[in-house]
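K.L.:
Fit the two chains together into the complex; they arrive one by one in their own frames, and the hints show the way.
These protein sequence lines are chains E and A, in that order. So that you can map any letter, position 2 of the first sequence is 2 in the working numbering, and since no number is skipped, the others follow by simple counting. So that you can map any letter, position 106 of the second sequence is 106 in the working numbering, and since no number is skipped, the others follow by simple counting.
Watch out, some of these pointers could steer you wrong.
To be verified - Below, in silico cross-link-like pairs of lysine-lysine (BS3-like), each with a Cα-Cα straight-line distance of 30 Å or less:
{"hint": "1", "chain 1": "E", "residue 1": "LYS58", "chain 2": "E", "residue 2": "LYS69"}
{"hint": "2", "chain 1": "E", "residue 1": "LYS49", "chain 2": "E", "residue 2": "LYS69"}
{"hint": "3", "chain 1": "E", "residue 1": "LYS49", "chain 2": "E", "residue 2": "LYS68"}
{"hint": "4", "chain 1": "E", "residue 1": "LYS68", "chain 2": "E", "residue 2": "LYS58"}
{"hint": "5", "chain 1": "A", "residue 1": "LYS26", "chain 2": "E", "residue 2": "LYS58"}
{"hint": "6", "chain 1": "A", "residue 1": "LYS26", "chain 2": "E", "residue 2": "LYS49"}
As the list claims (entries may be wrong) - Cβ pair distances, simulated, as ranges:
{"hint": "7", "chain 1": "A", "residue 1": "ARG15", "chain 2": "E", "residue 2": "ILE111", "range": "38 to 48 Å"}
{"hint": "8", "chain 1": "E", "residue 1": "THR5", "chain 2": "A", "residue 2": "GLY58", "range": "15 to 25 Å"}
{"hint": "9", "chain 1": "A", "residue 1": "GLU53", "chain 2": "E", "residue 2": "SER12", "range": "44 to 54 Å"}
{"hint": "10", "chain 1": "E", "residue 1": "SER9", "chain 2": "A", "residue 2": "ARG22", "range": "27 to 37 Å"}
{"hint": "11", "chain 1": "A", "residue 1": "GLN18", "chain 2": "E", "residue 2": "PRO79", "range": "43 to 53 Å"}
Unchecked claim - Covered stretches of chain A, as calculated for chain E (at least 3 residues, CB under 8 Å):
{"hint": "12", "segment": "59 to 72"}
{"hint": "13", "segment": "106 to 113"}
Worth flagging that the hints you see were computed from the coordinates, not collected in a lab. What you are looking at is a predicted structure, and each value in this text was computed from that prediction instead of being measured. All C-beta atoms, glycine included, are put in the ideal place defined by N, C-alpha and C.
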Amino acid sequence: AQSVTQLGSHVSVSEGALVLLRCNYSSSVPPYLFWYVQYPNQGLQLLLKYTSAATLVKGINGFEAEFKKSETSFHLTKPSAHMSDAAEYFCAVSHTGNQFYFGTGTSLTVIP
Amino acid sequence: DAGVTQSPTHLIKTRGQQVTLRCSPKSGHDTVSWYQQALGQGPQFIFQYYEEEERQRGNFPDRFSGHQFPNYSSELNVNALLLGDSALYLCASSLMMGAGFYEQYFGPGTRLTVT
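Isolated chain A, as found in the complex (with noise of 0.2 Å):
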């Protein structure tokens, strides 16, 4: 059974390029959230997808979007890179089912380094 997967590995981009990451969620499960680590830092909230759609979005700037797919793989996309924007990207996939806990599990990331 595979877990999350994210690609790529490591990604270099230059100040006002614009990034693709992509993350393919744990079998069987239909939610993904995105975060982002910066260096010496807890992981902090971007967003969250499920039925294809946003549901819910942390305190970060429309630069950064997303999508999800019918398969339930998904897409964080970063406009107009900034330096701050250096960090490790994690993606997490979760089941929604109504009220109750979703665990979520995390895939390896992906480091994004802007210059």
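Next up, chain E with everything else stripped away, as it sits in the complex (with noise of 0.2 Å):
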């Protein structure tokens, strides 16, 4: 079975802050690890996925997450937080890839 825990459902950052969102996953294999932010009244817009190969990911908007086996997590962080970041994020666990398992998301307001 494979599920994704988010601890924090709200998560408040003042400007230029460091960002940090958590991910706990359980998965019976080897899985694959997303995070997606959502605007209001959008749809899921992918900041970055861990695959397999290097622990340290890299996404867009100068967000990373690191793939902790020991820990079973995938938190997302951003050095410096900036307006725009305020948003939904939900992580994101599959095994094959195809089906999706998301976590509840995360609220961050970041606070000027």
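P.N.:
Right under this line is the structure:
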């Protein structure tokens, strides 16, 4: 069985501060892991993906995530938050890439 | 290069009615997946179509059905609508290319409201 847990449904950071969004996964086999961002009234946009290559993955808009097998984690980080980063962020896991299992999302607020 | 498109953008239906949502995949993609995203929740997998057949299905009742056409576009049909079917319905397309990783690209979604 595969599942994703996102700790913290709401995260607030000051503009320029570090962004850390947490994701832990459960998978019986090595997974593919993803982070998506969703702006209001829009679909999902892929930020980055882990597909068993480098454990530190760099994505768009300055985001990156590190796959830690020992901790079954794939936390999303960004060194310096920007106002435009305010959105809903979803972590997802897949075994084959066909069926994705999403977390419940983390709403990021950036305080000016 | 057009991405994934969905129609309509918004839809309001009454309980018991039937609805059809449409999706055109990203150019070059041959696989379409449908997701339901209830308010405040993550997307839930409904089913996936490839070569005009349903390949995988999530935990959704038979009221949810779909179709894929020869041009790879797809429809999602929901019969006997319930209030709980109100959600954002997302379509995602990908390329089925044997063993390996299939990145999914999402459309903007159709917002269905059941009253």
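K.L.:
Each hint should be assessed against the structure and marked as holding or not.
P.N.:
Do the hints match the structure? See the list:
1. E:LYS58 / E:LYS69: Answer holds: LYS58 of chain E to LYS69 of chain E is near 17 Å, not above 30 Å.
2. E:LYS49 / E:LYS69: The given pair, whose Cα atoms are some 15 Å apart, holds under the 30 Å limit.
3. E:LYS49 / E:LYS68: Given that 30 Å is the threshold and the Cα spacing comes to 14 Å, the pair holds.
4. E:LYS68 / E:LYS58: Judged against 30 Å, a Cα distance of about 15 Å means the pair holds.
5. A:LYS26 / E:LYS58: Holds, at about 24 Å.
6. A:LYS26 / E:LYS49: holds (19 Å)
7. A:ARG15 / E:ILE111: 38 to 48 Å: holds (42 Å)
8. E:THR5 / A:GLY58: 15 to 25 Å: For GLY58 of chain A against THR5 of chain E, whose Cβ atoms are near 19 Å apart, the range 15 to 25 Å holds.
9. A:GLU53 / E:SER12: 44 to 54 Å: holds (46 Å)
10. E:SER9 / A:ARG22: 27 to 37 Å: This hint holds: roughly 32 Å between Cβ atoms.
11. A:GLN18 / E:PRO79: 43 to 53 Å: holds (50 Å)
12. 59 to 72: violated (count 0)
13. 106 to 113: Per the Cβ count (5), the hint holds.
In summary, the structure is inconsistent with hint 12 from the numbered list given earlier, while agreeing with all the others.
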